[in-house]
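Chemist: Here's the letter readout for the chains.
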Amino acid sequence: MDFIIQNVLNAMQWGSFYALIALGYTLVYGVLRLINFAHGDIFMVGAYISFFVATFLIGPIAGVSPTLAFIITVPLTMALTSMVGVTLERIAYRPLRRKGAHRLYVVITALMAGLVLEYSNLALLGASRLKFPELLEKQIWRFGGVTLTNLKVMVIVAAIVVFLFLQWVVTRTRVGMAMRAISYDKFAIPLMGIPIDRIIVVTFVLGSGFAGLAGMLFAMSYPVLEPFMGMLIGWKAFIAAVVGGIGDIKGAFVGGFLLGFIEVGVVMVFPSSYRDLFAFTILLLILWVKPSGLFGIPQSTKI
Amino acid sequence: MKRVLTILFIAAVAIALAIPATAAQTIKIGFNIPMTGDIPEVGEGSKNAAEMYLADINGAGGLMVGGKKYMLEFIYMDNESKADSAVNAALKLIEQEEVVAIIGPNSSKQAVPGGGTANENRVPMISPWSTNPNTTLDRPWVFRAAFLDPFQGPVVADFAAKKFGAKTAAVLFDVENDYSVGLAEVFKSAWESKGLGPVVAYESNGTKDQDYSAQLTTIIAANPDFIFVPENYNQVALIIPQARDLGYKGQFMGSDAWGTPDLVKLCGEQCNGQYFSTHYAAAGAKGATKVFIDRYMDKYGAEPADYAALTWDSIGLMVEGIKNAGKVDSSPRKMRKAIRDGLAAIKSFDGVTGSSKFNEQGDPIKCAVVVKISDEGTFVFEESVCP
Numbered sequence: 000m001d002f003i004i005q006n007v008l009n010a011m012q013w014g015s016f017y018a019l020i021a022l023g024y025t026l027v028y029g030v031l032r033l034i035n036f037a038h039g040d041i042f043m044v045g046a047y048i049s050f051f052v053a054t055f056l057i058g059p060i061a062g063v064s065p066t067l068a069f070i071i072t073v074p075l076t077m078a079l080t081s082m083v084g085v086t087l088e089r090i091a092y093r094p095l096r097r098k099g100a101h102r103l104y105v106v107i108t109a110l111m112a113g114l115v116l117e118y119s120n121l122a123l124l125g126a127s128r129l130k131f132p133e134l135l136e137k138q139i140w141r142f143g144g145v146t147l148t149n150l151k152v153m154v155i156v157a158a159i160v161v162f163l164f165l166q167w168v169v170t171r172t173r174v175g176m177a178m179r180a181i182s183y184d185k186f187a188i189p190l191m192g193i194p195i196d197r198i199i200v201v202t203f204v205l206g207s208g209f210a211g212l213a214g215m216l217f218a219m220s221y222p223v224l225e226p227f228m229g230m231l232i233g234w235k236a237f238i239a240a241v242v243g244g245i246g247d248i249k250g251a252f253v254g255g256f257l258l259g260f261i262e263v264g265v266v267m268v269f270p271s272s273y274r275d276l277f278a279f280t281i282l283l284l285i286l287w288v289k290p291s292g293l294f295g296i297p298q299s300t301k302i
Numbered sequence: 000m001k002r003v004l005t006i007l008f009i010a011a012v013a014i015a016l017a018i019p020a021t022a023a024q025t026i027k028i029g030f031n032i033p034m035t036g037d038i039p040e041v042g043e044g045s046k047n048a049a050e051m052y053l054a055d056i057n058g059a060g061g062l063m064v065g066g067k068k069y070m071l072e073f074i075y076m077d078n079e080s081k082a083d084s085a086v087n088a089a090l091k092l093i094e095q096e097e098v099v100a101i102i103g104p105n106s107s108k109q110a111v112p113g114g115g116t117a118n119e120n121r122v123p124m125i126s127p128w129s130t131n132p133n134t135t136l137d138r139p140w141v142f143r144a145a146f147l148d149p150f151q152g153p154v155v156a157d158f159a160a161k162k163f164g165a166k167t168a169a170v171l172f173d174v175e176n177d178y179s180v181g182l183a184e185v186f187k188s189a190w191e192s193k194g195l196g197p198v199v200a201y202e203s204n205g206t207k208d209q210d211y212s213a214q215l216t217t218i219i220a221a222n223p224d225f226i227f228v229p230e231n232y233n234q235v236a237l238i239i240p241q242a243r244d245l246g247y248k249g250q251f252m253g254s255d256a257w258g259t260p261d262l263v264k265l266c267g268e269q270c271n272g273q274y275f276s277t278h279y280a281a282a283g284a285k286g287a288t289k290v291f292i293d294r295y296m297d298k299y300g301a302e303p304a305d306y307a308a309l310t311w312d313s314i315g316l317m318v319e320g321i322k323n324a325g326k327v328d329s330s331p332r333k334m335r336k337a338i339r340d341g342l343a344a345i346k347s348f349d350g351v352t353g354s355s356k357f358n359e360q361g362d363p364i365k366c367a368v369v370v371k372i373s374d375e376g377t378f379v380f381e382e383s384v385c386p
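Chains as they are written, first to last, in numbering that gives the first Met the number 0: chain A, 0 to 302; chain B, 0 to 386.
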C-alpha cells in the first residue's frame with residue numbers, strides 16, 4: 000500500500016511539471032491558435048535564468064541568505080522569463096502575423112526559435128552541465144513507508160495554484176474575456192475596440208512567466224541543467240495538452256497529470272523501455288475515441 | 000669553386016651525421032593519440048607520460064636488448080579524436096614512419112578501427128585505455144593495458160559483499176547505453192553466482208530521464224543492502240539525491256563512468272561516502288604508483304589521470320615485449336613480428352595501475368581499484384579488487 004501511495008506522490012510531482020508546461024501551450028494556443036513549439040525551450044531558459052539569479056544572490060557580491068534568495072528569485076525569474084517570451088513574440092511571431100502569414104509558417108518559426116534558444120545557450124555556456132544551488136533546506140517527512148519532501152509539496156501546490164489562477168483569469172476577468180473573444184473571432188474583435196496586440200502580449204507574459212516558474216521548480220527538483228533539458232519534456236507536455244483538449248485550461252491541467260500518472264504507473268510495473276510505448280499508446284487511444292481531446296470542443300475552420 | 004666547396008662541406012656533414020645514426024640503431028615506436036578534437040587532455044596526458052618514460056630510458060643510455068643498448072624514438076601522431084583519423088594516423092605511422100609498434104588509440108571509438116588497421120598491417124599495437132572487448136577480439140596483433148568493461152561487475156559484487164556485508168543487491172541501469180546494460184547483466188550474474196542472496200530489484204531508465212522516483216520506489220520497497228548504479232556521472236548526480244529523498248539510507252556503488260570531477264560538482268555532498276570501481280586512483284596511492292604520480296606532478300604540475308598511468312604501463316609492456324624479442328632486426332617487418340611474439344609471451348606484468356596477467360585475446364586480467372568519494376569530495380583509493 001505504501002508502495003502505491005509513494006508512486007502516486009511521485010506521479011503527482013512529475014505530472015505537475017507536465018501540467019505547468021502544458022498550461023503555457025494551451026494558453027497561447029487558445030488565444031492565437033498557434034502551437035508555440037518554443038515553449039519547452041522557454042522553460043529551459045527559465046531554469047537557466049533562475050540559476051543565474053540564484054547564484055548571483057547567494058554569491059559573494061549580493062550575499063543574501065538562501066531562503067531570501069529563493070523568495071527574490073521566484074518573481075524575478077518569472078518576470079525575466081516572460082520578457083524572453085514577449086521578445087520572442089515581438090521578433091518572431093508578430094511580424095509574420097502582420098504580413099498575414101499562414102499559421103503553418105508561424106508554427107515552423109516557433110520550432111526554429113526553440114532551436115535558436117537551445118543552440119545559443121550551447122554556444123554561450125558550453126556543453127558542460129550546471130548544478131543548481133540548494134536554496135531551501137530540504138525536509139523529508141515520513142509517514143510510515145511513504146516519504147514526502149517540502150519541495151515535492153511545493154511543486155504540486157504550485158501546479159494547482161497556477162491552474163486555479165489561470166482558470167480565474169480566463170473565465171472571470173476582462174482580460175480573459177478579451178482572450179476568449181480573440182480566440183472566437185480574430186477579425187471582428189479589433190473592430191470592437193479591443194487592443195489585440197496588448198492582449199497577446201499579456202498571454203505571452205502569463206504563459207512564459209509560468210514556464211519560468213516551472214523551470215525554476217524543475218531546476219530545484221532535478222538540479223542538473225543542460226541546454227536540451229526542455230526539448231523532450233516540452234514535446235511531451237504539448238502532447239498532454241492535446242490529449243486534454245488544447246486551448247482548454249482544465250484540459251492541459253488534467254492532461255499533464257494524466258501523462259505523469261501513466262508514465263510512473265508503467266515504470267512501476269514494467270521495465271522502463273516500455274514507458275513511452277505504453278504512455279503514448281494510451282494517449283493515442285484517447286484521441287481515437289475523442290479526437291478533440293478530453294475537454295476540447297470540435298471546431299470548424301473559419302475563413 | 001665556392002659552390003663545389005659548399006657541396007663538399009654539406010656532404011661531409013651529412014656523412015658525419017649519418018655514421019652515428021646508423022651505428023646506434025633506434026627503435027621507433029608510434030603514438031596514435033588525440034592531440035586535438037573532443038578529448039585533447041587525453042592526448043596530452045598520454046604524451047606527457049610517454050616523454051617521461053622516454054627520458055628515463057634514453058637518459059640511461061638506451062634500452063638493453065640482447066646485450067646491446069638501443070635508443071628509443073617516439074613519434075606522436077594526432078588522431079583528432081576521430082575514428083577515421085585514427086586509421087589514417089595508424090597508416091602514416093606504419094608506412095611513412097615505419098614504426099615497429101604502436102601505442103594508442105585511447106578511446107574505444109578510435110581503438111576499435113585503429114586496432115583493425117594495425118592487425119591487418121601486422122604491426123603490434125597496445126591500446127592503453129580502451130575497454131571495449133572488440134578492440135582486441137580475434138586480433139592477434141592488438142593488446143591492451145586496461146581491463147574490459149564487463150570485468151567491473153564481479154569486482155563490485157566482491158567488494159560490496161565484503162565491505163558492506165551485503166546479502167541483497169539492487170541494480171539501476173540505463174537501458175539505452177550498451178556499457179550500462181552490459182555491466183548490469185554481468186553484475187547480476189556475478190552476484191547470483193556467489194550465492195550470497197538475490198538481486199532483489201533490477202530496474203532500468205532512459206538516457207535522457209530526469210525523474211527516477213518510480214524506479215527508486217520499487218528498489219527501495221525491495222529493501223536491498225546496496226544499489227549498483229553503472230550509469231554516467233550526470234545521471235548519478237540525479238539518482239542519489241532522489242533516492243535519499245525517498246528515504247533510502249544505504250550504500251551505492253558505481254563503475255568507472257563515475258570517475259570524473261564533474262560528479263562531485265553536480266552531485267554535491269550527497270555523493271560523498273559512496274564507492275565505485277575504476278582503473279586507478281591517484282589519491283592515496285602507494286609504492287611504485289605513488290612514485291610515478293609524484294614524478295608526474297613534479298614535472299607537469301598536475302595529477303596524472305588514468306589514461307596517463309595506463310599509457311605509462313603500455314610503454315612498460317611494449318619495452319617488455321621488445322626485450323622478449325631478444326634482438327633488434329633492421330627490417331621493420333621482422334622486428335614487428337618479433338615484438339608481437341614478445342608481447343604474446345608476457346604472462347604477467349607489474350605496472351603503476353596494478354599487476355596483470357594476459358589471456359589469449361591479449362586482454363589483461365588485472366585488479367581494479369575501488370575508489371571512495373571522501374567527505375571532501377575527492378576520490379580516495381580504498382582497495383584493489385582482483386579477479
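Hint data in this document are derived by calculation from the structure and do not stem from the laboratory.
Treat the hints loosely; a few may be bogus.
[As the list claims (entries may be wrong)] Straight-line distance between alpha carbons at most 27 angstroms, and here's what the computed DSSO-like set of lysine-lysine pairs gives:
no. : chain 1 : residue 1 : chain 2 : residue 2
1   : B       : Lys356    : B       : Lys322
2   : B       : Lys371    : B       : Lys193
3   : B       : Lys264    : A       : Lys137
4   : A       : Lys185    : A       : Lys249
5   : B       : Lys27     : B       : Lys356
6   : B       : Lys371    : B       : Lys264
7   : A       : Lys130    : B       : Lys346
8   : B       : Lys91     : B       : Lys333
9   : B       : Lys336    : B       : Lys68
10  : B       : Lys46     : B       : Lys285
11  : A       : Lys137    : B       : Lys68
12  : A       : Lys130    : B       : Lys371
13  : B       : Lys162    : B       : Lys356
14  : B       : Lys187    : B       : Lys371
15  : B       : Lys326    : B       : Lys298
16  : B       : Lys346    : B       : Lys356
17  : B       : Lys68     : B       : Lys248
18  : B       : Lys248    : A       : Lys130
19  : A       : Lys137    : B       : Lys371
20  : B       : Lys207    : B       : Lys81
21  : B       : Lys46     : B       : Lys91
22  : B       : Lys207    : A       : Lys137
23  : B       : Lys356    : B       : Lys46
24  : B       : Lys289    : A       : Lys130
Chemist: Out of the numbered hints, which ones does the structure contradict?
Modeler: The structure conflicts with hints 7, 11, 15, 17, 24, although it agrees with all the remaining ones.
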